[in-house]
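If you're matching them up, the sequences are chains A and B in order. Residue numbering for the first sequence follows this note's numbering, starting at 1 and increasing by one per position. Residue numbering for the second sequence follows this note's numbering, starting at 234 and increasing by one per position.
These are computed hints drawn from the structure, not numbers from a lab. The reader is advised that the hints may include incorrect statements.
Unchecked claim - Below, computed lysine to aspartate or glutamate pairings styled on EDC-like, alpha-carbon distance capped at 20 Å:
{"id": "1", "chain 1": "B", "residue 1": "K408", "chain 2": "B", "residue 2": "E355"}
{"id": "2", "chain 1": "B", "residue 1": "K408", "chain 2": "A", "residue 2": "E58"}
{"id": "3", "chain 1": "B", "residue 1": "K408", "chain 2": "A", "residue 2": "E9"}
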Amino acid sequence: MTVNCAQLEELAAELALGTVSGAERAAALDHLAGCPTCRDLVEQLARVADSMLLLAPEVEPPPGFESQVLIRMGVVSAPVVRLGPARAPRRRVLVGVAAAALVAGLAGAGVARLVDDGRPAAVQTAAGTPAAGVRTALAFDTDGRWTCRAVIYGDTPTWLVVSLDRTDGLNATFTVEAFHRDDPTPVPVGSFSTAQGHGTFAQPVQLRAESLQSVRVLDAGGRVRYEMTFPPT
Amino acid sequence: MSVASDDTLLASFALGDADAAAAFIRRYQGKVYGLARSMVGDADLAEDVAQEAFIRAWRNAQAYDSRRGSVHTWLLVITRNLAIDAMRLRRAQPVDPQVFSTLDLRTSAARGPEAAAETNAEMRDLRAALEDLPAEQRQALLLAGLCGRTAAEISEIESIPLGTAKTRIRTGLAKVRSTMARRGTDQ
Chain A
1 MTVNCAQLEE
11 LAAELALGTV
21 SGAERAAALD
31 HLAGCPTCRD
41 LVEQLARVAD
51 SMLLLAPEVE
61 PPPGFESQVL
71 IRMGVVSAPV
81 VRLGPARAPR
91 RRVLVGVAAA
101 ALVAGLAGAG
111 VARLVDDGRP
121 AAVQTAAGTP
131 AAGVRTALAF
141 DTDGRWTCRA
151 VIYGDTPTWL
161 VVSLDRTDGL
171 NATFTVEAFH
181 RDDPTPVPVG
191 SFSTAQGHGT
201 FAQPVQLRAE
211 SLQSVRVLDA
221 GGRVRYEMTF
231 PPT
Chain B
234 MSVASDDTLL
244 ASFALGDADA
254 AAAFIRRYQG
264 KVYGLARSMV
274 GDADLAEDVA
284 QEAFIRAWRN
294 AQAYDSRRGS
304 VHTWLLVITR
314 NLAIDAMRLR
324 RAQPVDPQVF
334 STLDLRTSAA
344 RGPEAAAETN
354 AEMRDLRAAL
364 EDLPAEQRQA
374 LLLAGLCGRT
384 AAEISEIESI
394 PLGTAKTRIR
404 TGLAKVRSTM
414 ARRGTDQ
């Protein structure tokens with residue numbers, strides 16, 4: 001698909017507003033890369049479109065919002081997690097949770113199915129003594145490397161951690177869905193992005209930890225990339 | 234006690250300074266969450282989007298270019314893009330579009346010294362330009378700009394042909410741009 005200047009002019013407003021996607025957007029961006037005139041037009045419209053965002057009503061987020069962001073940044077410790085050093089940053093605490101489960105013989109690790117990159121699904125079950133209250137499910141690539149992991153722990157609140165580590169430096173957004181036992185309805189729990197192949201979702205979730213059966217990670221196209229099943233409680 | 238400028242606060246935020254990060258989040262969280270909520274509708278998803286916007290800003294603060302706009306606008310553009318991605322992924326039910334037909338274009342507070350100045354000048358012109366638009370163009374433009382609706386979705390919402398929806402968006406934005414440019418040069 002290619003776009004000429006006349007077609008780009010038709011699309012310019014929607015491009016500036018951010019509502020063009022897929023092949024159409026890719027073709028438009030390709031045209032803009034080599035056309036300073038059209039690029040200037042879109043930039044001028046984008047300045048207006050961007051300023052419109054300031055018209056959105058101001059709404060205070062739920063209590064704890066600021067803390068959650070600071071925890072995700074790793075600049076403050078999570079008050080509800082006591083599995084790592086008391087003053088350790090959140091990121092380290094979360095790594096500690098996953099690492100503790102792994103080092104203890106892949107404690108509580110469940111079945112993981114990797115469907116990433118179209119490669120054959122690899123199903124593995126890891127044995128071990130579950131760490132108290134922590135359940136882990138892992139996804140491996142065909143070389144047996146540790147690529148995606150899900151950890152759930154805690155009751156009030158229940159925390160879900162999904163970490164993705166890829167070696168291809170991918171920058172992308174993924175969504176996470178969870179399934180409870182005997183319920184085929186996916187429960188959307190959040191999204192996360194990878195930067196240079198690495199990304200983590202770590203949040204308190206409204207899930208019943210004891211009946212949580214599996215977690216799926218979907219790419220931007222809605223395709224299931226990783227599917228992990230926790231061991232039964 | 235002086236109030237840190239937006240740029241200064243962003244620089245400290247980027248370095249991971251806890252106090253600066255808290256101040257940065259407090260300064261913008263209402264606008265960021267408000268925009269996310271306006272676009273995706275669902276409160277939980279809006280919170281995810283708003284959190285991710287701050288994380289994205291923190292990780293990419295070096296990409297901010299003050300020549301291209303204020304910190305405030307930059308952060309809201311990040312939020313808008315994340316909200317649009319989230320809506321595509323989850324097919325979330327956005328807020329009732331009719332809310333924007335009654336949006337009070339005169340009351341949008343902003344925080345921070347630069348944001349306040351921006352509101353006083355740029356926002357005044359923007360509101361005036363939007364008020365000058367025919368109602369159907371204003372509605373289409375707000376649906377696209379503040380709800381993240383595509384032309385196809387606006388076509389469905391308004392029960393109009395796709396081409397008409399595209400024309401309303403294109404003409405509306407062009408008029409606003411033209412009006413703002415004229416007001417800017419008139420001053």
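For each hint, the structure was consulted:
Straight-line distance between C-alpha atoms of B:K408 and B:E355 comes to about 15 Å, which keeps the hinted pair within the 20 Å bound. Proximity of B:K408 to A:E58 is assessed by CA-CA distance (about 26 Å); at most 20 Å being required, the pair is judged violated. For the hint pairing B:K408 with A:E9, the CA-to-CA distance comes to about 15 Å; that is within 20 Å, so the pair holds.
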